[in-house]
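Residue numbers (our numbering), protein chains in the order written: chain A, 21 to 315; chain B, 1053 to 1374.
Since the hints were made in silico from the structure, they are not lab data.
Since we're looking at a predicted model, the values are computed, not measured.
Treat each hint with caution, since some may be false.
To be verified - Mimicking DSBU-like on lysine-lysine, the simulated pairs with C-alpha atoms at most 35 Å apart in a straight line are: (1) A:Lys117 x B:Lys1372; (2) B:Lys1371 x A:Lys117; (3) A:Lys113 x B:Lys1372; (4) B:Lys1249 x A:Lys117; (5) A:Lys113 x B:Lys1371; (6) B:Lys1249 x A:Lys113.
Chain residues, written in single-letter form:
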Amino acid sequence: MDAIFGVPTQALFGQLLIGLINGSFYALLSLGLAVIFGLLNIINFAHGAQYMMGAFCAYYLLNTLGLGYWWSLLLVPVIVGLIGMLIERTMLKPLYKLDHLYGLLLTFGLALIIQGLFRHQYGSSGLPYPIPTQLSGGQSLGFMFLPNYRAWVIVASLLVCIATWFVIERTKLGSYLRAATENPALVQAFGINVPRMITLTYGFGVALAGFGGVMAAPIYQVNPIMGADLIIVVFAVVVIGGMGSIMGSIVTGFALGVIEGLTKVFYPEASNTVIFIVMAIVLLIKPAGLFGTQR
Amino acid sequence: MAAPITAIGAPAQDADVAHQRIAFVIMVAILVAAPFVVYPVFLMKALCFALFACAFNLLIGFGGLLSFGHAMFLGTAGYACAHAAKVWGFPPEFAILYGTAASALLGVVTGLLAIRRQGIYFAMITLALAQMLYFFYLQTPFTHGEDGIQAVPRGKLFGLIDLSSVLAMYFFVLAVFLAGFLLIYRVIHSPFGQVLKAIRENEPRAISLGYRADQYKLLAFVLSATLAGLAGSTKALVFQLASLTDVHWTMSGEVVLMTLLGGLGTVFGPVVGAFVIVTMENYLSELGQWVTITQGVIFVACVLAFRRGIIGELGHWLKKSL
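Given these sequences and hints, build the entire structure.
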């Protein structure tokens, strides 16, 4: 079994792995967008910039404080999440009573500022971030070589995604959150501090982006524009999945990563555009998205 | 309680038209005199962006649809026009028509997809479709990738006027801009424009009154795409270049910024916004990333404190709609 449909198995599984890795990031980021959108009704355009901030934050921690990957994985989501909460408190809060499009415009402006500042400082070349020693090397699976770190990225993001799903769909805290999504005024009347919940939710969504950034740092280089193009693909993923369901965004994220990877094998010219083509087809067949409800 | 509103509303609209005409005359006078004072190429650039912003404003300001992918129309028309003029040797008027038609066609296809969702989704879908086209133009051979289509001949307009003269080109661009501007003005004040506003304010109600909201939205989208294409074609002839910059998402963001800064839903706002932003970029261009940062700061400031934009604030202050 050296080839499937005339494609060497090595190449096929290699691209499948890259697809799963990209899919992990699509899933993490679209999950964050979905969580934020659910409660705030805002599309967080700064999500890509916040993902980039996560990677840079890990880079700073390593090069100034000497804190390695594992500390970063723990601290960076907290730091980036806190910055997110500050943004929510100072800038997003006054916009809730306005058209939701203003939130999109504001976060777009923030993304420009953040990316501009980092590019001013670091240009557009990447900075290297080492793979943690515990995860260097890899396994030979017979049909392909699997680097340990890449396996870790897939497993870890899957775990984080499922944990998020569990918290939102299966715990009491999550039930408050879902209730506030349906009817914030009523939930507030029951004595739950909805504004604080909104701040924490935004912070959590942003923290997911920061977490994604740390995971990405050793794979892609730490780069001021690493989130800029990615966020547009994630938007397409969100349109395909529909933002109604948490599990939906996870499944769609991974599935589209795999589809993109397979396209690279069979028709490389379309690998950049395949996700957008899928989006167009989904819009024709099911405008609300695969897992979404029209609202 | 409804009676006084209509009583005030009806004459106010006539008054609006009257002082909008005065403002229009002032604008034309300034633009006719400007090339003798200011560098004409800069003015032509600003005029192309002004038309682009006006086209965009037709959609957001009067249809309530925020397109985050309008660069695809600017860029597609630019490529089509440049290719027609350079490779096929079209005269400028036909090259522009061809570019504009290409944009209109793209508007039909993307519009049919995008109007299936509203609000935030509409913005994300247009952005994603524009990104798809960006990758397409990056790979397809006729655009020459990163180099773009260079040295596009301006040619002779109607076989008579040589557009390689800067002033001839300027007044041609001004004529194109004014034609586009007047068309948009006419559309806004037509029954079609009124229905569009009604749909923006309350879509279910407009539908229940018997208007086919989707058809109105699609027509507005195609019209906006066509006029953005007109701007893009003209821009390609002015700079004799069609490049990837015009299809990139930053360009889509820029037109949103121009319109927001000038005033969403105002008649003259996009023109003012375009001139301000193009001037700003001219002065800051040597400072590299500061252009992007300043754009971001203007976005944030406009959204937080200045949602009416320059012309909107001016109109509010004068108690007139401009």
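TODO: Please write out, lowest number first, the hints stated earlier that are contradicted by the structure.
DONE: Violated: none.
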